[in-house]
Amino acid sequence: MQNIAPDIEAITGTKVATGIRRVRIIRQLTLIIPSIVLFLLVITAIFADLSWLGLPDVRLAPYDPVKTSMPERFLPPFWAAEGSTAHLLGTDNLGRDILSRVIFGARVSLSVSLLVILITSSIGTVLGIIAGYLGGRTDNTLMRVTDISLSFPAILIAILLAASIGPGYWTVVLALSILGWAPYARLIRGEALKLREEDFVAQARIIGASPIRTMVKHIFPNIINPLIIMMTLSVGMVILTEAALSYLGAGIPPPNPSWGAMVNDGRNFIDTAWWISLFPGVAIGLVVLSGNFLGDWLRDTMDPRLRQL
Amino acid sequence: MADILLEGRDLKKYYPVTKGILQRTVGWVRAVDGVSFTIERGKTLSLVGESGAGKTTVAKQILLLEQLTSGTILFEGKDVYKFTKSQLKTEYRPRVQSVQQNPWSSMNPRMRVRDIVAEPLVVNTKHSKEQIQSRVQELLKQVGLAPNHTDYYPHEFSGGQRQRIAVARALALNPSLVVLDEPVSALDVSIRAQIMNLLKDLQEQYNLSYLVIAHNLATVRFMSHSVAIMYLGQIVEYGEAEEVFSQPLHPYTRALMSASILKLPEDEDQKITPIILSGEMPSPLNPPPGCRFHTRCAEAIDICSKEEPELRVIGKHQVRCHIYDDASVQSALSSGLHPGTEGRPQQP
Amino acid sequence: MSDVILQVEDLHTSFFTRAGEVKAVDGISFYVNEGETFGLVGESACGKTVTGLSILRLLPEPAGRIVGGKIILDGTNLMELSKKEMRGIRGKKISMILQDPMTSLNPVYTVGDQIAESVRLHQGLPDDMVELEVISALRLLGIPAPESRLHDYPFQMSGGMRQRVVGSIAMSCRPRLLIADEPTTALDATIQAQYLALFKDIQKQTDVAIIFITHDFGVVANICQRVAVMYAGKIMETAATSTIFKAPKHPYTVALINSVPRLDQKDDRLYSIEGQPPSLLNLPPGCRFAPRCPDAQDICHNQQPPEVEVGDGHTVSCWKVK
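Chains as they are written, first to last, in the numbering used here: chain C, 584 to 892; chain V, 2 to 349; chain P, 15 to 336.
I should point out that these hints are in silico values taken from the structure, not numbers from a laboratory.
For glycine and all other residues, C-beta sits at the position ideal for the given N, C-alpha and C.
Don't take every hint at face value.
[To be verified] Examples of chain P residues lying across from chain V (beta carbon under 10 Å, computed):
#1 Ile205
#2 Ala207
#3 His229
#4 Tyr266
#5 Pro275
#6 Lys280
#7 Glu288
#8 Gln290
#9 Arg306
If we strip away everything but chain C, and leave its shape as in the complex, we get:
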């Protein structure tokens, strides 16, 4: 059926309200809430402790995350029968405070995913635009390389890297970046291919613009939408991959807390000490959801077509 909503949108320069008032309010909330959540998470990550400012004893986290305490093992969250307010979210199998570990884990998980996403999206976008716009042999070569990267199992590469240069923070970042650019390259190449056929790109050629100028000024700004979506969807994937790596011993080595590693730590105690896996899992879920909602909002604001007249 013909959809004339776009015509009305073109006439009025605004989006046609696709729901009743209640639904629209909920939509607004889906922007505000995730932004607040993410903001808080980032704050806790930064202020987990201030040792980086030279103040080792000023901490948001109540305890040192690696400090073990055997007598206090397996304490449940404070609202349960044997819980205590000394450990709000309980302790794990080594008596370490879950809350503190979740707070410190934010640093690791958020920074790893941010770094990896920035690196992979940059490499992938550049390669994708070049391949898609220039086509021909350049495209073929770049896509062969991309296909090869996509066919490598990421986990295997990560393990090999960890074995050769030793596990650690930067090993994880390298391991996830070394193959992670390939899906971006694929996606962006597809978008660039489509854009290449647009009239305004032909127009750029007619006025004498060089290929580089065309790629930077015309192609790139128009692939931002799918790029942002992919970036926000990657957040969850990176965190989860990092978790898998930690489980296999190729990730962030213990005792440093990362949410993924914590989830895996608690796997053996799921039926008895469920809180060890649950709280880091909830943290991961929050970040992923917030990232997605925020990505939608970002994409909408950055599109000039949706601006009000």
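Position chains V and P against the provided structure of chain C, taking the given hints into account.
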């Protein structure tokens, strides 16, 4: 002697059709098959035809967006394909600009209007930002837009306004030739007239040459000095606009005119038989033998299905049609007698 | 040909957007006789397409809604029917053809299947009879060798052929009223001529009434017996086609007819109307056309003119006409 700005000689564009694992060429799509024309300085040539006729491909060849399979493009007497890359950048491209059909996709939706119109200047000149912006203001005023609109994005304008912006952009480098690909077909009827008047005014003001691609004969009549009718990759009739419109010779031209004439109810009394063609334009992959139009032509004779007609000069036109093979018909035409009046309103 | 098959009374259709209510159709009335072709002419955003969709109650809810008026088909007020009853009407009593045949046809089904779907939905015939109906519908639209075309997919056909298939689907259940929304705009001139001749033929054969929505006065002259000229959501003038061309009364009609470049005369300058249609969010208080009207007076800017009958079936909304 006419001042010829651009000449196309025997332009051809064939696309190969490949099959099989080894990609053997099994055939050719003859999108443009031997098209020749001249565009005079300050005048308009219209290339008219329906979709599949090849007219857009010719326009793309002139704009160097498509490579010629064979043929020559002469710009001010010089072979464009012999230009060096830098010559093309300094001597050809700035002088040959374009206005495209679709005002919605011909501009980068993420660029502001002032940057869109400024871009040709940014790419081709070393002028300062202020110089460029003042030229942008000048151009926008010329096309009838308020200069305070420069901050907006294309989607904030109506279709007609966007076409004006496109015209402003095309004029930025003071071109000699503007290629207009169906410049008004995407616009509302009452806006079309505005844009066409504007284009005509600008032509007179700047002695611009236009190559107009169109499928609507009526739009073309207003603007053209000469017109070429294309069918399936070939020109079937070519001549001065007034000549062709008052005395269309080729059966296809007559059918096009019949389809485009505004048949008012009062004309019912004049008993005009409309010419309605049967079938559709065949695929350029497999053009009919002999004259390409013969399968739909009501006036086809025996030779039409066997031999391809040549483009022949008859009086002031050129026509590609066997009906005019007969020398006696040719001389009759050259002395001004009309061969038939089907499809045209009787002169009062 | 004197029975009225469709009566639209004071139709109001609006879209509710964040920026406010867009009054796409703001109080129009017209009627269509049995077996006649009625033209709805206007430029973009005048409301003609929305009118067509309103009659079929196919607006994108909840944003688009009919907010007032009556649509009476053969005595029944369509506004009073339930959704289920409306579905029984669509395709069977009223049918619609849209502008772009490529998006109207499902690329993964054969042409025969798509026509059959409509037949099956409304006629409940056994399978062998369905195929006969499909072939007959294809033949009605002038498609050669319909028995073999049944199994073609849309991509295997040319634009003109696809538009005929869309027509076949629309006519397969022999509706009483066909709404055609710019069906020939995307077609080449000579194909359009074929198609319009075909429409006239179909009308002769099936006595269907047609509402022809277009911006092209050439098409109107060719095929419509009566026509209404719309502008910014209102009807400016309604009359028989020959009257509209010979003696138009509304300045917009006059301007529109004059704006069409003529093949049979050479103009030095084309007649054009200054300015552009108003934003539907910000309509002028008086006559919608007043800001662009060469004959506008004070009252035109302040009050909307009433609809006045000036001749047999000829109505105009203009202060110049009393």
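We went through each hint and held it up to the structure:
| no. | hint | in the structure |
| --- | --- | --- |
| 1 | Ile205 | holds, 6 Å |
| 2 | Ala207 | holds, 4 Å |
| 3 | His229 | holds, 6 Å |
| 4 | Tyr266 | holds, 9 Å |
| 5 | Pro275 | holds, 4 Å |
| 6 | Lys280 | holds, 7 Å |
| 7 | Glu288 | holds, 8 Å |
| 8 | Gln290 | holds, 5 Å |
| 9 | Arg306 | holds, 9 Å |
No hint from the list above goes unmet by this structure.
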